[in-house]
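Listed here are the chains, written in short residue letters.
There are 2 protein chains.
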Amino acid sequence: MTSDAAQSAPAGKPDAVLRVKEIGSAHVGGRSVSLHGLPAREIVFSPGNPPVTIDPNGDFEIEQMYVQYVRLESPRARYPLLLVHGGGLCGVTYETKPDGLPGWQDWFLRAGHDVYVADAVERGRASWARSPEFFRGEPVFRTKAEAWELFRIGPDGSWRTAAEQRQAHADGRFPADAFDQFMKQSIPRWSSNDAAIQAAYGELAQRYGPFVVVAHSQGCNFAFAMALAHPGMVKAVVAVEPSGFPDRCGHVLAQIRHVPHLFVWGDHIETSAMWVRVRQGLDAYRDALRDAGVVVDELDLPALGICGNSHMLMMDSNSDAVAALLHGWMAKQGLTNG
Amino acid sequence: MTSDAAQSAPAGKPDAVLRVKEIGSAHVGGRSVSLHGLPAREIVFSPGNPPVTIDPNGDFEIEQMYVQYVRLESPRARYPLLLVHGGGLCGVTYETKPDGLPGWQDWFLRAGHDVYVADAVERGRASWARSPEFFRGEPVFRTKAEAWELFRIGPDGSWRTAAEQRQAHADGRFPADAFDQFMKQSIPRWSSNDAAIQAAYGELAQRYGPFVVVAHSQGCNFAFAMALAHPGMVKAVVAVEPSGFPDRCGHVLAQIRHVPHLFVWGDHIETSAMWVRVRQGLDAYRDALRDAGVVVDELDLPALGICGNSHMLMMDSNSDAVAALLHGWMAKQGLTNG
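Those protein sequence lines, which keep their order, are chains A and B. The first sequence runs contiguously to residue 338 in our numbering. The second sequence runs contiguously to residue 338 in our numbering.
Any given hint could turn out to be false.
It does not matter which identical chain is meant; a pair holds if it fits inside one copy or across any two.
For lysine to aspartate or glutamate, the following EDC-like pairs were computed, each having C-alpha atoms within a straight-line distance of at most 20 Å [as the list claims (entries may be wrong)]:
| no. | residue 1 | residue 2 |
| --- | --- | --- |
| 1 | Lys21 | Asp320 |
| 2 | Lys21 | Glu73 |
| 3 | Lys13 | Asp300 |
| 4 | Lys13 | Glu73 |
| 5 | Lys332 | Asp283 |
| 6 | Lys332 | Asp297 |
None of these hints come from the bench; they were simulated from the model.
Make the full structure from the sequences, and use the hints.
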């Protein structure tokens, strides 16, 4: 693994000091809505102040997303990187890791990429709307048990409430001691907002693209569909442990022949009934892309002898080495300048 | 105003390129909780996948806050700046302004400060917990009408649903054309989380302090109380349009004699019944601080001939000039090195 990673590392040393032209952010997409007919009520907001009568009816902005960007003085990548998080999470996925070590935002900046980090509609700084009036259904809060097994920190059935009794994979690279810290990143989600999330990503691509998109888990579905809907604005898709794929395959895939895709898989998929099932679907989507003439590579880490990676590759102990493999693939696709 | 601002501007030109040592983030504070006895249900998360049975019961992390920091290679300020947002908002308050121009995060970085931007418990990337099981009561969603008048974009009664009919103050400095864009930053809030928010800010101060704290609106209450609870970790408090103050004044204020305070007020307070009332309370808190021997200065912008500032000073057209006044005050307090 070390030699693989070394071969794929960015040319020269990573930047010890970042020369940053701009750090900025924006809310993108969404729409104006109005609410009528709900009753008023009294609330005290700041101690020392009298109660305030709140009329919940009125006008709101909903379904916007948030993006934060760091632009370098002299980027060495040809296009900015857009980092797209997975379900029940937000852009923090790519920032400092739960164990306090630098994450992929840091790595790719030091390798010379402008980096955009997204919070999808309903997550993090994108904010969320009144439910069930605007967001249909109710929010889902992921339990630690679900996360532990879904993210393959340990195999199915390995969750224990007490931290010292949790059974992580023996060779697991996720910092299991920081699992509770990781769970502080968890963000409630709805199952009814996919169309709004996709629309906002489309506006993001049109406004700030073209991008090289690195997506994770549920975010890969949005990234695949973003490429199909805005083929001029997506220069490549790196799908890290994708959990879904667009509905209407086949007949539109040929229009993204020029958009190379990389599928990245961690270890221990066979210990998770859900991931065995999910991967079958993704393997079929990969094959459909290839049949349509899209360049699709696969980075199956255990097949390369890189063992123990969880679903949260960007937080695993070898996250730098995996990032270097992604960067190396981008370089081979002609997406970097050095 | 121009000459005031120029006199208070940082020595030398602002940095055109930021030499950044580290961009990072963390979740701070919070606690582990468990939920029992709620019914399970089925949900489809990613198109193409079968429904998943969700058992909402289990273990969660709640009441953590989020902080993102940018550390410079060679900061010229003696302590990092902690930027604390107000009610119904998150740290985006200090990033790029709704009209797309740079905000205070950018300004203070270029003036040589390490900058920490907080999202309080329940806001933005801090995430939020199931309600009413963990967060008591229900979330409040701020309407555009309330924001327009509370933030003094226009006087009481000036809100109109149609953008072209809204009556902003004639000399107002808030970019009224970007008001709907601003409202995309709005974050639901509870009125029941003050203790949890305060506790998390305390942990933040202990872990990353000492700070110079710049707080806004509701955030000033948390900043005042943070100084009282952690007097060694708060080197100064800049209270920008504070909306509240700690409950138990008087007997503890003397212990922050060494923590200078600056109160900053925008214009048109007399056009808002709420702000007239709120300011009376804050004037009393200011006087109590002075009586206890705390250095308290006041930057009453209209009294200085700087007219038209809204409640959202950091988004107004003269936000750079106001930032320079704050920086100048910090310099006078010996909190910068040049």
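Structure-inconsistent hints, enumerated in ascending order: 3, 5
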